[in-house]
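As you go down the protein sequences, you meet chains A and B in turn. Just so you know, my numbering puts 11 at position 11 of the first sequence, and the rest follows in order with no gaps. Just add 1000 to wherever you are in the second sequence, counting from 1, and you've got my numbering.
These aren't lab readings, by the way, just hints derived from the structure by calculation. Think of the CB as a built atom: it goes at the ideal place given N, C-alpha and C, for glycine as much as any other residue. There are no misleading hints in this set.
Cβ-Cβ distance ranges computed for the label pairs, FRET-style:
id: 1; chain 1: B; residue 1: Ser1188; chain 2: A; residue 2: Cys155; range: 23 to 33 Å
id: 2; chain 1: B; residue 1: Ser1246; chain 2: A; residue 2: Phe150; range: 35 to 45 Å
id: 3; chain 1: A; residue 1: Cys155; chain 2: B; residue 2: Asn1159; range: 45 to 55 Å
id: 4; chain 1: A; residue 1: Gln53; chain 2: B; residue 2: Asn1201; range: 40 to 50 Å
id: 5; chain 1: B; residue 1: Ser1246; chain 2: A; residue 2: Arg56; range: 14 to 24 Å
id: 6; chain 1: B; residue 1: Asp1238; chain 2: A; residue 2: Ala167; range: 34 to 44 Å
id: 7; chain 1: A; residue 1: Ser33; chain 2: B; residue 2: Met1166; range: 26 to 36 Å
id: 8; chain 1: B; residue 1: Asn1198; chain 2: A; residue 2: Gln53; range: 41 to 51 Å
id: 9; chain 1: B; residue 1: Gln1180; chain 2: A; residue 2: Arg178; range: 43 to 53 Å
id: 10; chain 1: B; residue 1: Glu1168; chain 2: A; residue 2: Arg178; range: 27 to 37 Å
id: 11; chain 1: B; residue 1: Lys1068; chain 2: A; residue 2: Ala167; range: 32 to 42 Å
id: 12; chain 1: A; residue 1: Phe86; chain 2: B; residue 2: Ser1112; range: 36 to 46 Å
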Amino acid sequence: MKRTTASLIPGFILTLLLSGCIEPKTDIPEQVSGLAPIYYDGDWRNIGAEPPQPIRELFKIYYKDSIIFAGESLQGIHVIDNTDPFYPETIKFIRIPGNSDIAIKGSTLYANNLSDLVAIDISDLDDIRVLSRVQNAFPGQGAPLPGDYFGFFECPDPNMGAIIGWAEKILERPECWR
Amino acid sequence: MIRNIILATLITALWSCAESNDSEAAFSDSNTGTGGSLARFTIVGDYLYTVDQTTLHTFDISKAQEIKPLESTLVGEGVETIFPLNGFLFLGTRSGMLIYRISQGGAPQFVSNYQHVVSCDPVVANSQYAYVTLRVSNCRQAGPGAANQLEIIDIRNLNNPQVVAMYEMESPFGLGLDGQTLFLCEGSGGLKVYDVANPQNIQLLHHLTSFNAIDVIPLGGLLLVIGPDRIVQLDYSDINNIKVVSEIAIGV
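Given these sequences and hints, build the entire structure.
Now the structure itself:
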């Protein structure tokens, strides 16, 4: 990805093979919109129940037995007691790093924990337990770069932790592209 | 919607009749919840279906302690949403809507597809019609000629889905269906409420613009609306007089 000599050679050959010509990308713009990695600092497999947290950015919703489960982008699930819809009460935050989707059967919550699928017992919200885990069930999650993306991106820094997603960002002189 | 929930509950009950139901947990034991139209996970009976980009995954979840991956079906590019109905799965993809039948043993079998211009699109359906929104705004992959619109597709013959009408929209995201009422999220353009009794001539009943709407769940009179910055609940038991019940906003 980063155009070091080692990574340049296969790309160079591939370009030759595919198109029979070379189009070197010499113009790195001062400012351009592209993607930047979202990192998770710590062990992304660590799932747990936490006190309620403020809403930052929601994008998914699920409902069961008068409880609203609202997905906080890539961080986890707000659990909201909606017994009285006039006074919904946020009661817990279930931390699931890299999470984007859930479904619930009985008292078992199925969720992606980055690229893994996990089954979590939520019958006691003070003591949730991971019942099982399918490793790398979703290899596309937390990928080095979204598979369908072509353009500039911020070069990943392995020291920052695991990449749990990508967000649009204005990049300055980006050194990585595809 | 309610009929579907009842049906789904019945099916679930039939399929899991061996399970006991005597728990005192806050959650009822055997049934599943309801997702929004942007969901990429759905549970039908003992099976969890998920979509990610190119693949429809099937997992046997009859034992939560031991999830069994069953199948991974390559279904094409840009799979975004999954919607279950009466033993079928409707997949919203960037190039169209795919219909799969859930066979005995849980494996999904391809039935048909409905192609459209490349864009971003969830789908909801009843036994007669599927409602698909196509969005170009903020859709990186949208193809040339793509437009922001709602498409209504006749699915009475699931083997041969036919488009019956298209309606211009601003920037449609998720949608929800309750009987003849269609709730359609327009992102920062708010929420639209349609009477879709006549698919050829749907009627806009309300356009609520005071909040950003991405996805909805209709719950028979109560509508959950999610935006990136809030959860809004609306009482639509009187469709002519929709009222805000409560709101949880960003930072709260």
